[in-house]
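K.L.:
Position chains V, B and E relative to chain F; hints supplied.
Protein chains: 4
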Amino acid sequence: MEASRGCKVVVPIDLKKKPREQKLPLHNRWHPDIPPVAEVRTGEVFRVEMVDFSGGGITKEYTAEDIKYADPSIVHYLSGPVRVLDVDGNPAKPGDLLAVEICNLGPLPGDEWGFTAIFDRENGGGFLTDHFPCATKAIWYFEGIYAYSPHIPGVRFPGLTHPGIVGTAPSMELLNIWNEREREVEETGLQSLKLCEVLHSRPLANLPSTKGCFLGKIEEGTPEWERIAREAARTIPGRENGGNCDIKNLGRGSKVYLPVFVDGANLSTGDMHFSQGDGEVAFCGAIEMSGFLELKCEIIRDGMKEYLTPMGPTPLHVNPIFEIGPVEPRFSEWLVFEGISVDESGRQHFLDASVAYKRAVLNAIDYLSRFGYTKEQVYLLLSCCPCEGRISGIVDSPNALATLAIPTSIFDLDIRPKINKVPKGPRLVRNPNIPQCSYDGKLPTTKNPSATT
Amino acid sequence: MEASRGCKVVVPIDLKKKPREQKLPLHNRWHPDIPPVAEVRTGEVFRVEMVDFSGGGITKEYTAEDIKYADPSIVHYLSGPVRVLDVDGNPAKPGDLLAVEICNLGPLPGDEWGFTAIFDRENGGGFLTDHFPCATKAIWYFEGIYAYSPHIPGVRFPGLTHPGIVGTAPSMELLNIWNEREREVEETGLQSLKLCEVLHSRPLANLPSTKGCFLGKIEEGTPEWERIAREAARTIPGRENGGNCDIKNLGRGSKVYLPVFVDGANLSTGDMHFSQGDGEVAFCGAIEMSGFLELKCEIIRDGMKEYLTPMGPTPLHVNPIFEIGPVEPRFSEWLVFEGISVDESGRQHFLDASVAYKRAVLNAIDYLSRFGYTKEQVYLLLSCCPCEGRISGIVDSPNALATLAIPTSIFDLDIRPKINKVPKGPRLVRNPNIPQCSYDGKLPTTKNPSATT
Amino acid sequence: MEASRGCKVVVPIDLKKKPREQKLPLHNRWHPDIPPVAEVRTGEVFRVEMVDFSGGGITKEYTAEDIKYADPSIVHYLSGPVRVLDVDGNPAKPGDLLAVEICNLGPLPGDEWGFTAIFDRENGGGFLTDHFPCATKAIWYFEGIYAYSPHIPGVRFPGLTHPGIVGTAPSMELLNIWNEREREVEETGLQSLKLCEVLHSRPLANLPSTKGCFLGKIEEGTPEWERIAREAARTIPGRENGGNCDIKNLGRGSKVYLPVFVDGANLSTGDMHFSQGDGEVAFCGAIEMSGFLELKCEIIRDGMKEYLTPMGPTPLHVNPIFEIGPVEPRFSEWLVFEGISVDESGRQHFLDASVAYKRAVLNAIDYLSRFGYTKEQVYLLLSCCPCEGRISGIVDSPNALATLAIPTSIFDLDIRPKINKVPKGPRLVRNPNIPQCSYDGKLPTTKNPSATT
Amino acid sequence: MEASRGCKVVVPIDLKKKPREQKLPLHNRWHPDIPPVAEVRTGEVFRVEMVDFSGGGITKEYTAEDIKYADPSIVHYLSGPVRVLDVDGNPAKPGDLLAVEICNLGPLPGDEWGFTAIFDRENGGGFLTDHFPCATKAIWYFEGIYAYSPHIPGVRFPGLTHPGIVGTAPSMELLNIWNEREREVEETGLQSLKLCEVLHSRPLANLPSTKGCFLGKIEEGTPEWERIAREAARTIPGRENGGNCDIKNLGRGSKVYLPVFVDGANLSTGDMHFSQGDGEVAFCGAIEMSGFLELKCEIIRDGMKEYLTPMGPTPLHVNPIFEIGPVEPRFSEWLVFEGISVDESGRQHFLDASVAYKRAVLNAIDYLSRFGYTKEQVYLLLSCCPCEGRISGIVDSPNALATLAIPTSIFDLDIRPKINKVPKGPRLVRNPNIPQCSYDGKLPTTKNPSATT
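Line by line, the protein sequences give chains F, V, B and E. Residue numbering for the first sequence follows UniProt numbering, starting at 1 and increasing by one per position. Residue numbering for the second sequence follows UniProt numbering, starting at 1 and increasing by one per position. Residue numbering for the third sequence follows UniProt numbering, starting at 1 and increasing by one per position. Residue numbering for the fourth sequence follows UniProt numbering, starting at 1 and increasing by one per position.
The reader is advised that the hints may include incorrect statements.
Note: identical chains are not told apart, hence a pair may lie in one copy or across any two.
[To be verified] When the alpha-carbon atoms are kept at most 20 Å apart in a straight line, the in silico SDA-like pairs for lysine to any residue are as follows:
(1) Lys93 - Pro417
(2) Lys217 - Asp14
(3) Lys8 - Pro109
(4) Lys418 - Asp86
(5) Lys217 - Val87
(6) Lys418 - Gly154
(7) Lys23 - Ala38
It is worth saying that the hints were derived from the structure and are not from the lab.
Chain F with its partners taken away, still in its complex shape (with noise of 0.2 Å):
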């Protein structure tokens, strides 16, 4: 008889504790020098357990203040790292390719809830923040694999569960490359036509910064800690080490195959979703919530030369490849919101597939809001649902195609056009409160057409 295979915990998390003092410590940056918190063998299955990424910042609470005052220093609380080690006890090598298959995924026991939020404009804002500068948050609740919201009326779906956030830590010579590159953005971004009317109020790069910064074991305060948190990349974007993919389908049963760029690999994962749209366009935008992932790794041998191509200057220049499992919710009617690349003002842009799914997005808020929606409930409801984000056509100039498609049976009403006048029965969604802040910036005031929308 072989001994039990029950799922040892490498990383658990103590709900009633704070991000700093969970007996295995979080961090929230990416840097070759955070010491590993654990260790585990190919072949195992293990158990993470998370924060959500505000480690408890954003609470249940019916109000959107905390949201307003968010500090987006400390994001996104990630546990780990797990160094990874062979069945024989050799470590993942740079060079290696890492597989992480998530054998299973939820929320954790006890903290069945979760959070969709738009930043206030000041603060980050989203996708749409010239539409929806306020912040606004709404609350859901898990009943198993479905999630409802008091602030989102007539809607239950099912969630295809996934970390926002899986990923290795990069080699020196790797955080040299992203902290470069993203400087430059955030440097020359204002001087780009592009940059300076459409997207102006977002912040154009997430530089390293000490404030907010965790680094797990490594004390703060330290010399030590000053030199990484001044170097350590943030982790807003994803990047050639995986990191926050938010890929929506990364789900039970999916497997992750990410580059291997520091001795044993160094595996984090945070940033729990019950369930995203494509796009998680209003940034905070998932239902967000704390969780665990079970784990199971193999490591290819040389698999970044066998399997990934150098797409850039440098052999680092790759990226992960991933395999989407086979128990995703199953949907058969879609209704379907195309964005062209004009937009608001009527101004054509150039096969550009950001305008044109800005467009779909906006596009499919205002019909959603026929139903008796506010925008922002649609907002927060197009950003979370189960949402599908394509790029149809990006070869047709002048116009990008992108379209977004909406499962129909997540609402209780039947929401698709019809032909004919239907009798009597429910039409619109009550209305409710929603928790919501007023903005109390200054929206711009500029002629050019474009800068209004």
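P.N.:
What follows is chains V, B and E alone, placed relative to chain F:
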């Protein structure tokens, strides 16, 4: 007993005749004054037949010469316009919504083949024209629902067959909006930082041209023809009237809700695709074919106001809505490639989904070429197979993150990364000759690194 | 350049002609000596056209008279046999396996309609003949992939179109086995306790009969015809050669591996179904239609020994294997009705899946009749819509448990039980006249309660 | 802010304790007088934990001794009954319908394993006990959603996890009906032609027995216990109250509509299955495990009259209705085996779906054993993997036709028949020892050929 419901052919095609010799003349421009060639009533199922978008210009020969010297002014040959009346004989009116159900579709009997091609960089190019400047072509043969190509061996897949183009005639007012905004992008485009650098070799817009213009029943050379030809919009980009949407899931059983801008709606269709990948990246990039549509129309009176929201300065700035059909091919396993908005030179772009998608596609091309394919073969394949292009993250500054998901079962080989070295067996595709022309243009030389990609 | 792959029509049907007037004569029996009417090679796609199983005997008229007096001796009209050779011209041999891919299929152009019917109890009946003794018929019209019936309003669904019959010719030895075992059941059946009680009014077997016999190229009335007609097996039951399998998922892209019993395999097909429910309970119970198949054959030499196991006293006691295709209609919600092996009188049967399934179907009929349908309408519907009949439990003595799962989206109404009383709205189908004849037979009167159900 | 929605555990299980030592006592019989152990209100999500059906009697040891000598009198250990009240505190009443949603489910944490077994022919046997008389067992380990077994190598699949048993307490009247009809089958069964021949070695019914009886809070040995134990129905067959339905698709997000026969409904659950094939052919045949259910109840007042139809002599002869959930594993390719109602001796049975399904299963076993498995391994596998057992044809006299569809992706090897000889590579599974006991009984010898199968 009811009368037979056999499907009325309202636009027949004779494959032995050229586009201009067809019984009902074709057109390749959008204009309110192109007269209808047929009339249908709501509720009846009718059949429209169509030549391929090139009207036979691209042939079944195993050569890329026809691609290299293709005349871009003649695309796309459309069938129609079809005037739509309600059961009482009253035409669809501006402000109505025309619901068009695609009851059935397919290739024209006896013409069960198609092609996928890359245009020469000097002749339109494609999404990756800077990487693949040469005219290249693959021929596909159909075996019922399946397609295979002697030029891309080891692949066979069921088609998600759909029309690339389905649209209503624009009003004069809408046509003016189009012409104005597209002229502006062409005129101002070259000054734009981004455009000069990354995409300068592709046309910025496709403005009206009398060259190659077909206007259906309007006789060529007449003053009326001259006037309309100078005003009529090209069919290349998708726009407010639907048009070249290239939504790859618009298959059997789907429904399109099109805005009506002129009396009778004047519905035109064309550009049939046996299959397409999201983005249609190679540009001539679906499996292009002749084909038929069996359609059924309904009119939702005043539906534009009821269901569409003007999303620009005028009430005409609207987009159609789509419902996806219930009989798409079923795939269970997907391999997913990621791209972030860092370009080939290592330069950071700000939340640019077009750059991210470009990277995801390049990534997938490099990966699959490890199995014995040339990169051109994979580029063609990813343009036409049922792969999904997603905007996964569009908020995590500075990286937009796009993904390309490929169904693994379309390949004879198992293309997934292997944990263990597999035993001897077929690992590589035999790499045949593929029709390709040399590129005679001059690749740009510039100091800006991203321009040399 | 390769030659055109256009699909060769090897068996054409002229819809204006009667079965016996077709260019290539049809047959309605299985016998090794029915001569092939066409020849194909492996690898080529060929087209076979077929009349409906009744050869036009059941008409489009809104009457059930044709059903009531239908001649059961003439079913099913098959097209073929088609002789199959390999690429070198050598025929398939006994012991080979014939892999038949269904590349495409559909109704014959211009004949887009079908029927579903219940036979009169005295004329063959159906699975529930004791409950529904009257001849009844519903006509279905096709709109591309969809079917609807004026006789069963409020329902529209996509077809999972398939051939009811696909089979190879039996050898004389196999034919003798069939005739012997079926004769035995007919002779001994009436003494069987179970049979007398429950199913006595249906034919116990369908033995060879010269009446109504068509043998293709064998001229009627000749001595050869007489001999063959007396030996040839009826096509009603599925057997070792495939035949009337009625596997409802055998749609586009499926593959059948058929045993070969005679030189050339002699493949015959017929009984096209636009759609069928598992069990085809009404007997004439799919949406019966004329149609075409586009097929591609391969020969697996000696494949019977390699892949099939004799499961009875001789090496001929084998069954075909099937692979299901990738383009079935997608349904996401199912309502499931259960039956256990306790019959209508309350009597317990021992692990009898036929009784359990009968109960599940009766249960579903009663449930759906609450929405305004007659029971006959539901019986017809469940016989032809894409519902799934499962053997859920076959071991829990004494109850076999069968289930019938119905996709909810085929109904206009929401047919699920409602927790809350729903607001006013459409709850009931308008119940039209359905073609039905009175039952002139005499229902059995007996003291055994289960005989009166 | 609303109060926490954390899931209330109403029936906890301590895995270190035996069934009779649990805090809330278990029961293994159906009777109206078994007192509820917990109470819930409609709308709340509550958690019920359960031991495996054998209460730990079948162990993790690699031996089949525990199967061979298993005590059939103690199955199945159920948790509950749970009394259900509406939000006002009024209990569910006879005549109501209890809608039970399965919000979530899974194995008990720390107990992630299960077993599939064949009972010895003398001890209950299975569907194929005449072919496989020996007690045999396979252990499965769970890796999140996946299960694998060291005893059936080369197979790994995602579970479609579900409760085998979910039922309400019967009224005394209903209980009497059950006992009467099952006693009759046991008494008269042996005279029945069919039963003697084909299935004589399996128990004909499972009548009440005081041996092994657990009645929850009713103290063993008391007069009340004696009375109830003599009346209480065994849990083995599914019946009017739901019970041992073994519907393999009753997974996450499903809903059961159960008739209410006693005040408070008295809901009991148990027999958790990680996965099961349709039919559960090996009898102890799912992947049996301990587990939890998170449930939510609603009461449809007078719902029995509104939605259920009495299908026998009394208003109690009803069956529950089921809705299938949206998160089943997704499979795209199936290999389908067929069986007709001709038994192993070549004898024809009349439209007997049980015989046809037996043949389909035997057929599949023989096929898969060609890949290196023993037949016992395949029998166990087909009993527990997500294969579909269909009644494909039940009307084509004399052959019923059943099919067994197996998802091909659960195997490491490609199990499909091959047109071309494949190159070298893994073709065969290594065939390990599987725990199995010898069969000490005496196989029947009789001249009737079907008795020797």
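K.L.:
Determine for every hint whether it applies to the structure shown.
P.N.:
Hint check:
1. Lys93 - Pro417: The answer is between: 18 Å across copies meets 20 Å, while 56 Å in one copy does not.
2. Lys217 - Asp14: Classified as within: same-chain Cα gap 17 Å, cross-chain 36 Å, threshold 20 Å.
3. Lys8 - Pro109: Both: 16 Å inside a copy, 11 Å across copies.
4. Lys418 - Asp86: For Lys418 and Asp86, the Cα distance is within 20 Å only across copies (16 Å; inside one copy 59 Å).
5. Lys217 - Val87: neither (26 Å within a copy, 50 Å between copies)
6. Lys418 - Gly154: both (19 Å within a copy, 16 Å between copies)
7. Lys23 - Ala38: For Lys23 and Ala38, only the intra-copy Cα distance (12 Å) is at most 20 Å; the inter-copy one is 36 Å.
Checked against the numbered hints listed earlier, the structure breaks hint 5 alone; every other hint is satisfied.
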